[in-house]
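Chains as they are written, first to last, in the numbering used here: chain L, 1 to 146; chain V, 1 to 146.
FYI, nobody ran anything at the bench for these hints, they're computed from the structure. Note that the structure is predicted; figures quoted are calculated from it, not measured. Do not rely on the hints blindly, as some may be mistaken.
Pairs involving identical chains hold if they fit within one copy or between any two copies, as the list cannot separate such chains.
To be verified - Cross-link-like lysine to aspartate or glutamate pairs, in silico, EDC-like; alpha carbons within 20 angstroms at most:
| no. | residue 1 | residue 2 |
| --- | --- | --- |
| 1 | K70 | D46 |
| 2 | K70 | D120 |
| 3 | K70 | D135 |
| 4 | K77 | E18 |
| 5 | K74 | D46 |
| 6 | K74 | E18 |
| 7 | K70 | D101 |
| 8 | K77 | D119 |
| 9 | K77 | D6 |
| 10 | K74 | D129 |
| 11 | K77 | D135 |
| 12 | K77 | D120 |
| 13 | K77 | D46 |
| 14 | K139 | E15 |
Here are the chains, one letter per residue:
2 protein chains.
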Amino acid sequence: MSFILDSRIMSTCFELGEWGLSRVLLNNNSEYPWLILVPRQANVQDMDQLSQQFRQVLMDEISQLSSLVKAYFKPDKLNIGALGNIVPQLHVHVIARFSTDYSWPHGVWQANQPTIPYDDHTLTSLLGDLCGLVDVYGKSFGSLAS
Amino acid sequence: MSFILDSRIMSTCFELGEWGLSRVLLNNNSEYPWLILVPRQANVQDMDQLSQQFRQVLMDEISQLSSLVKAYFKPDKLNIGALGNIVPQLHVHVIARFSTDYSWPHGVWQANQPTIPYDDHTLTSLLGDLCGLVDVYGKSFGSLAS
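Same shape as in the complex, but just chain L:
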């Protein structure tokens, strides 16, 4: 069975590019700069279900996306998470956190979180920048899974 992006992720995110293993996405929530990696593997819920080779690539991609998010957003802290309680398809959150944001110092995966979509002007600018950066930061990855 081939990989299909979960419809709940698709409906709340914008695609920024494709890396060797994962699709890179921006969550449409202006409260937090919130990027997501989704390995293009069908029927995988947890990282330990990936082959060792794909886990290592995923770790490289998490690290690379971390560096990108730090360089662009200059957060106070990165939050990395793979939960999947609501959307079981394996996806890894890479979130820029600020000591001034809504949920600080707690996690963002709470009930009653604000979900404030980006306005059109901000979104156009942000997508332009992030798509370019995802392309640049992804140059080191070959294509492993399609």
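Chain L is already provided as a structure; the job is to place chain V on it using the hints.
Showing chain V alone in chain L's frame:
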């Protein structure tokens, strides 16, 4: 500067063993089976600050601990997280989640979480089991960092 476990982690957790890179701990909160990996590296807050070699080992250890937690606790879902908003020292949570637990389907990193320590009887039994399993599941790792 050598590695020293953060005092807030030390005061809320029990040590289960040492793997190649990380110390393996049990959080003393009976609401969730909650294990933690702390790479024995000084002055590291985020995974992208580790060398590629150590990141790969950490991913192997996350995967190994995931398998252990799944086998022993049989959760509905694993939650993996590296946040560090309160304790910046890099530590990776591997948590067994159940659809009946207090925070389901949300994350556990919230304000006003119940923190119910294990009773002595449960703790003795659990530590015995988990120390044994951490030893068995750790056989594949050499010592990389001390």
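Here's how the hints hold up against the structure:
1. K70 <-> D46: between (25 angstroms within a copy, 11 angstroms between copies)
2. K70 <-> D120: neither (24 angstroms within a copy, 43 angstroms between copies)
3. K70 <-> D135: Intra 16 angstroms, inter 36 angstroms, cutoff 20 angstroms: intra-copy only.
4. K77 <-> E18: So K77 and E18 fail the 20 angstroms test inside a copy (25 angstroms) and across (27 angstroms) alike.
5. K74 <-> D46: Answer is between; shortest inter-copy Cα gap is 14 angstroms, intra-copy 29 angstroms.
6. K74 <-> E18: neither (23 angstroms within a copy, 34 angstroms between copies)
7. K70 <-> D101: For K70 and D101, only the intra-copy Cα distance (16 angstroms) is at most 20 angstroms; the inter-copy one is 34 angstroms.
8. K77 <-> D119: neither (25 angstroms within a copy, 35 angstroms between copies)
9. K77 <-> D6: For K77 and D6, the Cα distance is within 20 angstroms only across copies (17 angstroms; inside one copy 28 angstroms).
10. K74 <-> D129: Within. Shortest intra-copy distance 15 angstroms satisfies the 20 angstroms Cα cut-off; inter-copy 43 angstroms does not.
11. K77 <-> D135: Result: close neither inside a copy nor across copies, 24 angstroms intra and 33 angstroms inter.
12. K77 <-> D120: Neither: 27 angstroms inside a copy, 36 angstroms across copies.
13. K77 <-> D46: between (24 angstroms within a copy, 8 angstroms between copies)
14. K139 <-> E15: Cα proximity of K139 and E15: one copy only (17 angstroms, versus 41 angstroms across).
Checked against the numbered hints listed earlier, the structure breaks hints 2, 4, 6, 8, 11, 12; every other hint is satisfied.
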